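Engineer: Each chain, written out:
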Amino acid sequence: MPDSLVIKNLNASIGDRPILKDFSLTVPKGEVHAIMGPNGTGKSTLSKVLAGHPDYTVQSGEAFVDGEQIIGLEPDVIARAGLFLAFQYPSEIPGVTIANFIRAALVARQAKGAPFDAKAYYAELYAKMDALKMDRKFTSRFVNEGFSGGEKKRCEILQLMMLKPKYAVLDETDSGLDIDALRIVSEGVNAMRGPDAGFLVITHYQRLLDYIVPDRVHIMWDGRIVHSGGKELALELEEKGYDWVKKDLAKA
Amino acid sequence: MAEIDDNLAQREAIEVDRSKGDFKYEENYAFDAGVGLTPATIDYIAKVKGEEEWIREFRQKSLKIFQDQPMPTHWATADLENIKFEDIRYYLSKGQKPVRTWEEVPDDVKQTFERLGIPESERKFLAGVEAQFDSEAVYSRMKEELEKLGVIFCGPTEGLRDHPEIFRKWFGKVIPAGDNKFAALNSAVFSGGSFIYIPKGVKVAQPLQAYFRINAENFGQFERTLIIADEGSEVTYMEGCTAPKFETATLHSAVVELVALKGAKIQYITVQNWSANVFNLVTKRGVAEEDAEVRWIDCNIGSRLTMKYPGVVLRGKRARGEVLSIALANDGQHQDTGAKMIHAADDTTSNIIAKSISVGEGRSTYRGLVHIPKTLANCRNNTECDALLINEHSRTDTYPAISVRGRKNSVQHEASVSKVSAEQIFYMMQRGLSEGEAMSLAVNGFVNDLVKEFPMEYSVELKRLIELQMEGSVG
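Protein chains in written order, with our numbering: chain A, 1 to 252; chain B, 1 to 475.
Hints listed in this document are in silico derivations from the structure and should not be mistaken for laboratory results.
Some clues are possibly wrong.
Partner residues aside, some chain A positions facing chain B, computed with beta carbon under 7 Å [what the hints assert, rightly or not]:
#  : residue
1  : 51
2  : 75
3  : 76
4  : 80
5  : 81
6  : 91
7  : 93
8  : 94
9  : 95
10 : 96
11 : 104
12 : 105
13 : 108
14 : 109
15 : 110
16 : 179
Listed below are the simulated DSS-like cross-link pairs for lysine-lysine, each with C-alpha atoms no more than 25 Å apart in a straight line [to be verified]:
#  : chain 1 : residue 1 : chain 2 : residue 2
17 : B       : 203       : B       : 452
18 : A       : 8         : A       : 240
19 : B       : 203       : B       : 317
20 : B       : 317       : A       : 137
21 : A       : 8         : A       : 29
22 : A       : 112       : B       : 463
23 : B       : 169       : B       : 148
24 : A       : 164       : A       : 137
25 : A       : 29        : A       : 247
26 : B       : 452       : A       : 119
27 : A       : 119       : A       : 164
28 : B       : 169       : A       : 119
The following residues of chain A were derived to be distant from chain B, with all beta-carbon distances above 10 Å [claimed, not checked]:
#  : residue
29 : 29
30 : 74
31 : 84
32 : 149
Source: prediction; values computed, not measured.
Just so you know, even glycine gets a beta-carbon here, dropped at the ideal spot from N, CA and C.
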């Protein structure tokens, strides 16, 4: 499928512990899919495996970004192929300013030696920061160093908006956010929705999906999708709780 | 021997910078002191240079000190034992006198400096340039308005000949021949380097630059630099160094003496990128008189072993001393660097910030000496040394020696060791940076606050040198 993020029968483990078990999912471009599920079910592993994290081993299966197979590629190659991961716990990079970091990421996407339009870059950066209600002073702060939880998540969304990937995986982006920050971050994501981007939103709680309304909701349990539905599935899950998943869906 | 296509060399002159020093030209020398070091070697050098008798005697006395002093392996690395002094050539020159236009520089030498981008930077931002090829300077030029103000910028041979009254007063006074074994070696065979005098009250706005190039194999470069900033004057001096890669060891052993008289300011900047076969054993010290300031900015990249601890003797009241040091040790390299601050008057302040990066199996060592005797009052020192380890086998050691006495003095020492974590690298790679780009971004971040202190042209160069080092460091 040329215009989709396709994950096919993915089996992956950390050490000798299997986590993803024949995981399959397709996110067509232009759609927002949510993955919900209890802790320890493999949601974060899925995001790391797709991004090529070296700690995980893929036993079998494939994943495609618009038809390009990405499993086994280096993380930077996967990123440049168009997959972005908004981290649940983004790393600090002391001494590297946000402005320089995003700039380096954009330069890495250009042909080697191509000129960089710094003026246009800053104009865009400032516009996106305004949209995310981030102070201009933020550009000269070091990446994630001394950031509050909300600032870190906003910084992830700023990078997402600047790098404009084909597909973005948002890993528990709502964790650590108060309601105002949640609204701002969601507005950022919603502004990016459109025919050119697909989103995979990983979350434990339904709350985020009030703001980023998904096209499809998938319930993950023990390393695979056990149930899929429309946005109302998230509400059902909220109401019945994950015990319902354990009792009914896991058996299926 | 390398044959250089003219067109290629000319085309590259614009693009190639000091980070690309690994090339050489054919050797043809009119004056060659031969291999090994004996009193006859000294006499040969003194004769070729046409030096006065007192200098020849000074050289011979220094040779004796060098031969009598043991190798300092009781505290320094045993790798020093691998220097084969008997295989080294101590003086090589084409018999040239330094000329004042690049057109007059012999073609092969000129191409070397063009490939390193020197004439280009002179046009852009320097007040004066001196270029040394093996033992002697081939080019020396300073802006005319500085000459009119009485600024002197030449080599020590010319300094001795033309300005003996200033030269003799200060030469060997900050760093006597007996200071250490390698200062003695330099005092015996020194050739090339800079002699600078800034008259009272003259503030030289643009930097003076010297460029040191080793071209011959088995060669020892022993330049000697003496800078005197008279009362109330200011000067920034920058030096760059490269050598091609040889199979055998090459020795670079310089002595640099700075004298900042009352109220003067000297800033001395080094960006060296030696190839991995060079033993780089350098003694650098400055004296700061009342209200004077001596500032060393020292970047050590490359070499097999670097031992260098720039120091400041704070001799007058309210004198200030500073060392900002960056060292990057790659595979097979040992950067043994640091700083010395000797407080010798009241109200003196000193600041040391040293950052080291160890890559692969590289090793960095910080040695610091801070001395404040109890007879003094209101002296302050601040020392920060931070080490960054890139790989599992990278190594760093810190040996601070702080002796602060008396109740009215204060000292502050901070040290840290950090690592670039796998999660940081993954995070950066997820944004599209290659592993090498991610590493060099992390390293540039680590040295970021120090690099800001550099003149812009040098911070750009340093950033590029770091990127070059990091590119090769990942599989």
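Engineer: Run every hint past the structure and note whether it holds.
Structural biologist: Here is what the structure says about each hint:
no., hint, result
1, 51, "5 Å, holds"
2, 75, "4 Å, holds"
3, 76, "4 Å, holds"
4, 80, "5 Å, holds"
5, 81, "10 Å, violated"
6, 91, "4 Å, holds"
7, 93, "6 Å, holds"
8, 94, "6 Å, holds"
9, 95, "3 Å, holds"
10, 96, "4 Å, holds"
11, 104, "6 Å, holds"
12, 105, "4 Å, holds"
13, 108, "4 Å, holds"
14, 109, "6 Å, holds"
15, 110, "10 Å, violated"
16, 179, "27 Å, violated"
17, B:203 with B:452, "22 Å, holds"
18, A:8 with A:240, "30 Å, violated"
19, B:203 with B:317, "22 Å, holds"
20, B:317 with A:137, "40 Å, violated"
21, A:8 with A:29, "17 Å, holds"
22, A:112 with B:463, "17 Å, holds"
23, B:169 with B:148, "23 Å, holds"
24, A:164 with A:137, "23 Å, holds"
25, A:29 with A:247, "33 Å, violated"
26, B:452 with A:119, "22 Å, holds"
27, A:119 with A:164, "18 Å, holds"
28, B:169 with A:119, "55 Å, violated"
29, 29, "20 Å, holds"
30, 74, "7 Å, violated"
31, 84, "8 Å, violated"
32, 149, "16 Å, holds"
When the structure is compared with the earlier hints, violations turn up for hints 5, 15, 16, 18, 20, 25, 28, 30 and 31 and for no others.
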